[in-house]
Each structure stands twice: as C-alpha cells, then as structure tokens.
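Novice: Once you have looked at the hints, place chain B on chain A.
Heads up: the sequence lines are chains A and B, in that order. Note that UniProt numbering gives residue 384 to position 384 of the first sequence, counting from 1, and the numbers run on in steps of one. Note that UniProt numbering gives residue 114 to position 114 of the second sequence, counting from 1, and the numbers run on in steps of one.
Please keep in mind that the hints were generated in silico from the structure rather than gathered at the bench.
Each pair may be met inside one copy or between any two copies, as identical chains are not told apart.
Using 27 Å as the maximum straight-line C-alpha spacing, the simulated DSS-like pairs for lysine-lysine come out as follows: (1) K166 to K137; (2) K740 to K722; (3) K123 to K106; (4) K72 to K352; (5) K352 to K391; (6) K187 to K238; (7) K373 to K118; (8) K187 to K209; (9) K72 to K674; (10) K383 to K535; (11) K589 to K398.
Next come the chains, spelled out residue by residue.
2 protein chains.
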Amino acid sequence: MNQNYIIPNQWSIIEEGFEAERVRSSESLFSLGNGAMGQRANFEENYTGETFQGSYIAGIYYPDKTRVGWWKNGYPEYFAKVLNAPNWIGIHVEINNEILDLATCKSIENYRRELNMKEGWYKRSFEAVMIDETRVKVESIRFLSLQIDELGAIRYSVTPLNREAKITFIPYIDAGIENEDTNWEEKFWEPIEILDDELCTSVTARTLKTRFEACTYMHNELAIDSIPINIDKTIHSKVDYIAHSYTHLVAVNSTFTLFKYGGYVTSLNHDRTTLREAAEKVVSIALEAGFDKLLAQQREAWDAIWQMADITIEGDVKAQQGIRFNIFQLNQTYLGKDDRLNIGPKGFTGEKYGGSTYWDTEAYCIPFYMATKDEKVARSLLKYRYNHLEKAIENAEKLGFTNGAALYPMVTMNGEECHNEWEITFEEIHRNGAISFAIFNYLRYTGDYSYIPEMGLEVMIGIARFWHQRASFSTFQNKYVILGVTGPNEYENNVNNNWYTNYIAQWCIQFAIEHIEKVKTGFPEDYSRIMGVTKLTENEIQQWIKVAENMYFPYSEKHGIFLQQDGFLDKPQITVSDLPKEQRPINQKWSWDRILRSPYIKQADVLQGFYFFEDHFSKDLLERHFDFYEPFTVHESSLSPCVHSIQAAILGRMEQAYTFYLRTSRLDLDDYNKEVHEGLHITSMAGTWMSIVEGFGGMRIKEDKMSFEPRIPMQWEAYSFKVNFRGVIVKLTVKHGKVKLLLEGNMPINVILNGEEITLHPNKELEC
Amino acid sequence: MNQNYIIPNQWSIIEEGFEAERVRSSESLFSLGNGAMGQRANFEENYTGETFQGSYIAGIYYPDKTRVGWWKNGYPEYFAKVLNAPNWIGIHVEINNEILDLATCKSIENYRRELNMKEGWYKRSFEAVMIDETRVKVESIRFLSLQIDELGAIRYSVTPLNREAKITFIPYIDAGIENEDTNWEEKFWEPIEILDDELCTSVTARTLKTRFEACTYMHNELAIDSIPINIDKTIHSKVDYIAHSYTHLVAVNSTFTLFKYGGYVTSLNHDRTTLREAAEKVVSIALEAGFDKLLAQQREAWDAIWQMADITIEGDVKAQQGIRFNIFQLNQTYLGKDDRLNIGPKGFTGEKYGGSTYWDTEAYCIPFYMATKDEKVARSLLKYRYNHLEKAIENAEKLGFTNGAALYPMVTMNGEECHNEWEITFEEIHRNGAISFAIFNYLRYTGDYSYIPEMGLEVMIGIARFWHQRASFSTFQNKYVILGVTGPNEYENNVNNNWYTNYIAQWCIQFAIEHIEKVKTGFPEDYSRIMGVTKLTENEIQQWIKVAENMYFPYSEKHGIFLQQDGFLDKPQITVSDLPKEQRPINQKWSWDRILRSPYIKQADVLQGFYFFEDHFSKDLLERHFDFYEPFTVHESSLSPCVHSIQAAILGRMEQAYTFYLRTSRLDLDDYNKEVHEGLHITSMAGTWMSIVEGFGGMRIKEDKMSFEPRIPMQWEAYSFKVNFRGVIVKLTVKHGKVKLLLEGNMPINVILNGEEITLHPNKELEC
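Same shape as in the complex, but just chain A:
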C-alpha cells in the first residue's frame, strides 16, 4: 500500500494530525529550496524523535573517502558528496522552563503542515499541552527567498491558551552538524569565527578539504501581539554554535512571536574576507523590507514562475496537486541562474546520490527547462558539461582510453567522477550518449545552432571517440560489439550488447559526423579551431563510420523485438504480475544476484531508446516492444513511469498512460517506492512534466515546427500548459472534445495540430 496522508488540494501540500512515523517522510515532502539553498522540513524547535536533519547549500560539497570492499583501478580516490550545512533554522523553545519537544509533550492537537506552492512558503501549526498542563498554540511560517537567494525567514509564534506562561525563544546557529549518511561520525565543517552584534550573529565555518567557507547568520526580532518589543538576551556560544535566549512572561491568549532572518553567504559567491560584510548586507535588506513585505515579494516571484510553468488539470485534484508539486520542486531546486550548478536527483531534500549531477539532467530535465524558461537556462546546463570536457577526457584516460575520448562521469559535482561501483562507474557508459542527445534536443527545440560550433561539437567528438574505442570487433558475429556494460536498467550489470547502449553509441557517432560536416561548411573558423584542438583526422572518422555501420544489435526473430541485451531470453520469462506483492520493491527485498538473474527491469531501457529516437521506429514496433518489456518492468527507478506514460499515450492506451502518470506525479506524495523519507525524486519530476506535455499533449518539434496531438485521460475534465518555443509562448488547453491554442507573442506562427498545419495569431485563441 502506498502512503495516503497528504490531503488533496489544488495548490498546497497539506498534512493534518501528528504521527511520529510520518515525520521523516514529511520532512522531505515539505522541503523548501530557492535554487541556492535548501532546507528539509525539520522542526525549528527541539525534537527528540526520529528525524533527518538536512540543510543544504548549492555547490558546497565534500570529497569523501570512497569505501569499497576491494579497490579497483580507476576508482576515484574521493567522491564529492553533498554536505549537511550548518543549521540556521533552529529555535529552541521553553514553556515555563520545559523544553517544547513534540516527542515528549503531553499531547498534540490540531497539528497541521502546509506547503503553499503558489506562494512559496511552508507553515506548521499545532497546539501542545506541556507536562505542567500549560496549553500553547504554536505557528511557524518560513520561506527561502527567491529574490534574495541568500536569505530565509521564519515567523515563529507561541500563544499560551489556558494560563500565562514564561516563554523562552532560543534561536541559534549550529555548525556542529553531521551528515545522516556518515557511518564514521565524521564532521565535515570546521568552525572559523563567531561574530555577534546587534545587526547580525554569524558562525563562519569551512568545509574540510574543499575549504569552502560559509557564513551562517541570523538576526532575531520579537513581538507581542504583532507589536515589536525589545527583550534582553542571554548569549550562549560554543566553538561552532551560538544562541540567543529571550524570555518573556506571556499573558493568556497573547502571542509571542520571533522573527528569525537567516541563511548563508559563501565563498562561492563572495571573497572570503567579505563574508561577514555580505551577511550584514543581506540582513539590512531583510530588515528594511520586514517579514510581510519579504513574503509578498516571495508570492510575486512564485507568481512569475507559475505564469509560465503552471499546468492546470480540472476534475482530478490529486493529479493537479501532483503536477504542481513536481513543477514546484523543480523550480525550488534549479533556476538556471548559476552555470556551476546542476540538478541533483534529490535536489535539496536529502543526501542520497550525493547531491550530484547524473545523466538525469540531460535525459529528463532539459526539456522542462527549455519549455518553461528562457532557452539560456538549457544552454547553461549544456555548458556545464562543456566546461567539464577536459575532466571527462581525463576520466576516460584513467580507464585506458586515448586520443581525447571522453567519458562523462556517472555522478559528479565538479566534473570528476564521484561514484565507485565498477558496474556503474566503469560500465554504465550509456550516460555519455545522453550528453550528446541533449545537444541534439536543444538544437531541435531552440533552433540555436550557435552552441554546436562554439562548444557542442568538441563534446560530441570526445563522445564519438569514446564509442569508437569502446566497441570491439567480434569475429564471431562479424560485427562490432560493446561488451561489459550496464544499461539504463541497472538491474542488469556487466552485460554484453545492451541494445540501448549500442544504439545510442551508433547514433552519437553519426550525429557527430553530421555536425562536423555542417560546422566545416558553415563555421570554417570554428571548424579549424576545433580541428586544432581535437586533432581529428579524416582517417579517424572513417574508423568511426566502420564501427557505426557495423554495429551489432541483439534481436529475436521469434518475438520480432530487439533484445535488451545478449542472453535476455535465457532468463525465466516470468512477468511482474507473477511476483508476490510482499516481495516488492525487489531492491529492498531481494539480494542483488537474484535481481540480476531475474528478468525484472528497473526502468525503461529498450523503451528509453524508443523514447529518444521515436522517429526511427514505427508505432507498431513501439507497441510490440512495449508489450514485451513493460510486463517485466518493476519501475523501481523514479525515471521509469514517465517514459511509459508517454508511450502508453502514443499508443492510445489512456488508462495505462493515466496510471503511469499518477505514479510519476505522485511518486513521492504517495511514496510508491517506499523511500520518500530519504528525500524527493527531483529529476524524475521533469519526467512527470513530459508525461503531460509530450504524453497527453503530444507536443513535438517536427521540421522546426511545434506540433501537438492532444489526448485527455477519462478522469480529467480539462488540462492546459504553456511552452516557450523560440521566443513565443503557446498555450494548449484541452477539454473533452475541444482543443484551444493561444499564442503569446507579436508574430503569427504555424503549428501542427493532429498532423494539420494551422496558423496561430497573437493573443487570439484558436479553438478546434
């Protein structure tokens, strides 16, 4: 059974009633982020129950020791991991000297959390009865400012309900934090300096080894019934911790409020010597505006995002909540402002996957950012990889490749490989294909060719070189084979001739050759620069062609399908429907060997190839492959249901498409994979977006035009979305039987609707 406690709502994520066993899950679901920092929905006040503390700063990581059974040549010495950052949200609260702690107080009533996605804030309220029978009402609202992305703000209020009470607020900063995933109780931050004056209280700390510096700061203000008051404070401090303590005797039904402004300024964005100064500046700006105005600005900033990115669904609140949750979290994670950053699979909501960049960005996230933001954002994501090309070449050299062959890391923070399982690090090489595919996708979508001569072609050449060298000739097959790989389906390791890998390898070579020619003709200066750098020869290209043209693809004549890999048919052909429920998810119930020798597929693999290269295959062929592979697919990767939803929609199987849509859009809200407590699946959220736009909306780029083939699930009355396409914005609305298209822009454009070309005129709704 999936979890089912989130209350359906169009714009908010809501939890009602306190259940200790839901705390870790809700800490993930109610997370906040603003692209520069993030915060799990940990309580401000003390909590001695099960919790997973997480505060994160984008771009701040630590090179952890790699822990493996037996060392293998080529493993990275260290891998970057996201660090739990100093805690700026903490506020200890005492009621008549008793610590407020939801794990120990006498009772909790009217407990409620709300994550308001429309406006970008998170509120929690409850009534607690203390051991001494004092009943207090607590309300806390907080947000991470989109506008001032080094700033967060909290309004924390306590109201005694049955008697006057002595209430103490102890807001603090704590740099003595650990990582949840630290087996060895290591600390990663060393404190440098604590400073404290009327304007700003700060702890500056430095990460070990990477030596990032972060100044974590706070400024506190107090009010009684909304009227500011001054209260003398006591200061407690340790080497990595500072707290202010404010005590006040509060009358019954009177509300004592703490405003805490805080956050991080870091050496990523400031000179080390000016961190404190920068923090003071942020505090000054915050104080000038005040809490209410900052919150109003937050609403405006989110409103601007939703203007473009919102998808509406009528008649199905859960589906509506799901898609908005996905869009909200994607925007909380990455806004495209800083080309050193990327999109970690868990965003700012957990530590798993090290917070680093995976192929998810290229394979799943690029379309969302292309369609809902300025195309510069997608270009910035592509440039991230261009900037890492040299390290990708070094990475390939470590594995024995030569001559500028590039292997992009499976997981990275700064271009270096950050993962150390041989079957992934060394063998899950299809990731390289996604890097080229994203360039293709960007070009197709934006029409911006300039990226290719400027940067993309060098990347494409490095990748083509890798595939050329990685394939080997099989005299037995009289073909080129690619041995020893892990495909997108990570439930198979070290297989030979994974169809997806072989296919994308062939395509990468062909794609590179196509654009070498185009750049040669169209951009001779760039061409000669690139040839100078890469030292590519005609002879080498001929070698590439030999490999691409003679690539082997495993195929079953009997089934008329491409085989996921050599030997797939030797597996017991038992489908998921034969798998007892209590054995799922198999990745939590089965040993690894059992998973590997089963036919079960973690995520789209052959079908991933059909998704990327849709135009290469007929609908019949898609149907045959879908029908063969889907029944073996356990969808235990968050990246699986979205691809299946899109393909089911293409095949006109709307019920199935809808089921997969719910699974992808509510994956975390309903915790399909029993792991939401570890954090959210951020990158797959872009897949959810694709399920609607590409799946139901049938949006494609065909011959430089945008095309739609809209379909609507039975369960919905209507849906709508906007896409930003080459400087214009097109809005599609679908109600049963009717499709509306609206163009925002100045010039008419032609789009293709259900195969027919039509002209859209600016700001004039076209109904068909």
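Specialist: Only chain B this time, still in chain A's reference frame:
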C-alpha cells in the same frame, strides 16, 4: 622483471646486503609460523623506514565494518578480518644513547638474513656504524616453537667492534598496534591488564566486539659472552605497553646478548581467568629448557615434518629451494592440530584476504595434507565445513534460497560470510562445488567412507539443493541454465553459464544422489537420521535429477571446445603474447571494465574442471582446451600455474610444465605477481606440491590403488617425494631413465606404475 635477490640454497632462504626497498618483501618471505601464531620478519629493533608490521594469532579475528559504495541486500553486516596482534618481538636497542635504526644509522655492512627451513629458525646479522662512529655487530635469531606452540624465542646479540659502548636493550610488549589495512586508524584491541614480575611480564588485551583475550608475555635474560648476568632494569609502561630497559657498558669485541622468550596465550585455549597463569607456565618450561635446548627441539620437530613431507630435487637448486619453501610455509601455517582453524590464503604473513578460509582449502590444500600427514588432518579440514553447515544454510536463506539449501561463504572465519562484493559474495558460487569435491577427493584418497554417513552426506545434500534451486529453466535453450555467476576466473563477473560452474553443479547433484543411495543401503541408521534432519523426499531428488540431466553447457562447434561462458567468442581473440609487458599484471594496470571485457583469464577455469574431473575427458580433449585457453591466461591468480603445470605434464609438454612449476614454486621468492610485500600465497603452495606429485610424479588414485606415471623435467637430475596412502608410505624417486619405489610399512601393496600393476614389498626398493 621478477625480483632476483634471494640466494639459491637447498635448505635456506637467504638475503645478503641491505636494501630498504626490499624490506617489506623480505618481511613476508622470512615470516615464521607454528600453526598457532605467526610473525612477519619485522626487525626487533626500531625501524623508521617502510615496514609492514604483522603478528598474528590463529583464530583471533575482528568483525570489521563492511565498506561498500552502496549497500546491497544480503551483504554481511560485518566481516571477520585477521588482526595484527600485540607485538612481543620488539627490542629497542640503544648504542651510547643513540637508537639503533637501520633507516638512520651511518652505514650497514654484511647484512644477511637466513630462514633455515630444515631447522625452523630465522637469523639476521649485520654490522652497523652509528652516527658517533661506533661500529657494532648485531645478530638475532628467532623461532616460534612447534613443540610449545604458545612460545617464541629470540636471541639478540650486540658486539661493539671498534670501541667499548654503552648498550641498552629495551625489550617490550606493545598492544597499541593497528592493522596495516585500517583506513580509519581504528584500534581493535583494548588493554585489560599489565602484570610484571620476575618470572613474567604480560599485557592482556581484548579484541573489540569478538572479545577474544590474549595475554602477550615476555621474559628476558641477559648474557655477556654467553655468561648470564643480572642487570638492574628500568620499567616503562603505558596502558597497553610495557618495556624493560637494561643498560651495560660492553667492552670492544665482547658480546651482549638478550634472550627474549615471549608469545601469546589466549582465551581460545584457556579460561579467561587463567591466562596469566598459563603464560607463567610456558615461561617456566622455556626457562627450564633454555634457548639452546628449545632450538634443538625445534630442529627435531622440523626434522619429523621433513621426514614425511620433503621433496628432493637434484640438479636445480632454485627448483629445490622453491618446493621446500612451499612445504615449509604450508607447515608453518597449518598443522591440523585444531579443527577450529583453517588455512588462510596468506597464512600468517599478511592481512590481505582477511586471513580467512576460501575454497582454496578444498580445491588445493586437501591433497597436500592427505599425503603428507595423518588422514585425520584432512578429515579435520572437512569437519570444519560440516560444523559450518547451519551457517551455510542461513547464508543461502539470506539470498532467498529455501529448504536447507546451503551456500558456503566465499570467505569465512567462523562460518559466516566475510566478503562484500556482490560479484564474489553472491555470484562466485562455484566454491560450493569444491566443498563436495573435497569430500569425494578425501574418500577416493583415504578410502575412509565413514565420513560420509557421519557428516559428509548432510553437506552434500545442502549443496545439491542449492544447485537445484540456483539453476533456472531457459525456454529458449530448452535446458537448465545458471545465470549471473563468477567462475574461478574472477576476471569475468556476472556471466551466464560458466562451464565450470554448470559442470560442478551437475556433478554435485549426481554425487549426492549416488551417496544417498549408498548410505541408504549401507548405513540405515545414519540414513534415517539424515532424512530426519534434511526432510529430503524422493520427489525432490527427482527434481534434482531433472536439473542435472538437462544442464546446459556452452560449446563451440567450430573450435570443438566448451566455452568458458556464454558469449566468450564475442571477445576480441587477442592472446597474452599480444599484451605489452608494461601493461602487466593487468590487475594493477587496467581498470576493472577493461579486464572484464578482455579475453584474459586470471586462472584456470574450464581447465580447473578438467583438472578436477580428469577421468571424464580424453587427453585429446584436454589438449584442445589447453591450447585454446592457456594463451589467454595471465595467471594473475596464484592458483593458476600449478594446474597448468600438471596438465602440461600430462600432455608431455615438459618444458611448459617446468616453466609453470617454477612460476608456482617461486611465485613469492621471485615475486611474479608484484605483490609479495603484502604477504605470501600460502594456499597456492599446496598447488606447487601437486605440480610435482600429481604433475611430474603422475600420482593418482585409480580403482583404490595408487598409480604413478613419472616424468622428469630436462633441468633436473632427479627428484623424490613420499606419500602417505592408507596407512603406508610410498617413496618415489625418479632419476633420468630410472624410477625407484620404496614402501614403508609392514604389508606388501600393489601400485600401478605407468599403467602396469606391480607389487611393492616393505622396505625393499623396487627399481624400474
């Protein structure tokens, strides 16, 4: 180039001249052991150069945290690792207050090490010139007593050569040691008690978690020019350390000698409360005998071993030195006195492989111990696995097997799995086959059927059950397949249908069924007990038969050979001769994926099967497989050359057999695999023994008779060995053209020599 500094000698391992870069290598090569404890050849005195300190106590281990990138279900929470034990050999030496340290003294001359294998002692001597120009001669001799296996003894002498000198001996015990392989600077011992009186100085310490207790003790005596003297001592002690300090002004050419008796008594063999008492007892016995008598006893004990185990080779000193080194080290490691112990791949010479038990014991070591010791020793090794049957069943259950299927661990100390790489732990399941094979081998060799009804059959049933469940039916092949395994050749992981694995799986089932029938008929009481325990049904046996009879074996019609695994022919068919020397050993030069997709074979795999089941295959077939696979084999496992040596001998390729023999017998002495500094390859040394006895001697058991087909390498004038066969001892001597057989025993027996049956009469040499 292999290393080449060990001076050839019939009976000793000798090094001359000090080279700092050889220290770690020699520390391995000159190691001492007595089956109960072991000691790398670390210097007694201080040494600040590169060194790998290692003292080991048999059976004392620690459950270390398993370190893996990402956790996989089924991994052990902890794995046993051998522990570096407290140091009892240490003697700081000061010459005129200057610390004697070979890394810092002014010069070193006449440096010599000798490991005397005939008599079981290790001697080191040198002259050192100190910074103050004092020249001293140092001689140290030490041994670990075979007779009193808790006792070691050192005689350490210093003679000033050019002036009188104030000499200080500071013998100490140090329990504050770490493991070489400890990345995290963890300590594994906690000190409990230090006691010090005239008879005995001791540090008792306890291992963390496993809570073994070891009392490490010493007693020191002094002499000038062999005349005992008393010198007042100073005592230094810390919580885990105690030292005595003796200073004496020594005249030029006078010799100051320290006798240090020390070692361990442990809670494995004594009640915890009596450890100190036990140590005192050992010291008393030692003192009563004195150093010289102890050394004489050591000679006698080794003489008794050599009486039976020696192999002589005439005309080839290096070959002679090699085989004796192998026999010596095997006896230092395991003497068969304690059925809780087994033979770790590195014995007492290093930490790699955790000091635990591998399939090496069953596949390689059993024959040596059967032939050179009482058959009880081999039975004890078999019983070790019987005692672990329950844990092997639990281990299989963790991986999803049921109904008493047993999977023996890949690596173990106490029956629990101690390794955590999925491709090994979960997939290198052929190890299970070796456990059954060893029972077969024991039965064949000793004729002692009693082991089967008493213990062996239960093991065989658990193993047959495992294979039955582990195979799956391929509708594609219409056969049973075994997917996702790692064969003996660990340079292939997660392959399908490894021929060796499938073959031994089939054999294990057939072997079990054969003996279920025999026990049913011959031992009805045991039979009904076993059926009661195992709940085996006729129906289940029928299921086993179905799997065994329909097992799939990969085969190439074109080459007329069994394929190592599915898809082997897709690999680039490039032989080792095409591999540049600087890229070897590939396990140190190549990344793991590159190794995996290469055709290179770490060790005999298909050929291992041909070795085990020699009688199942014709010589022609062997030849074809040898010629196909050997050229791909890099022999980077110590277990590889011996099998190839035997098979080359069978094929009459004496030059090749000889080359492989040298490689196996001098693997460590000449450091073929560039890793001797990590310790010696103990288990493969039994393979070296097989190379001579089974390879050159052609010794086999055929229809309950011993048979010989002797061959002699060109390079040798003669060789001889003895084997203990069912209560009699047969000695074979081969000189060019002549074979002599000598029977030690009371009754005549028939043996087969080159296919002809002949009768041997007691103590009468037969020459052919």
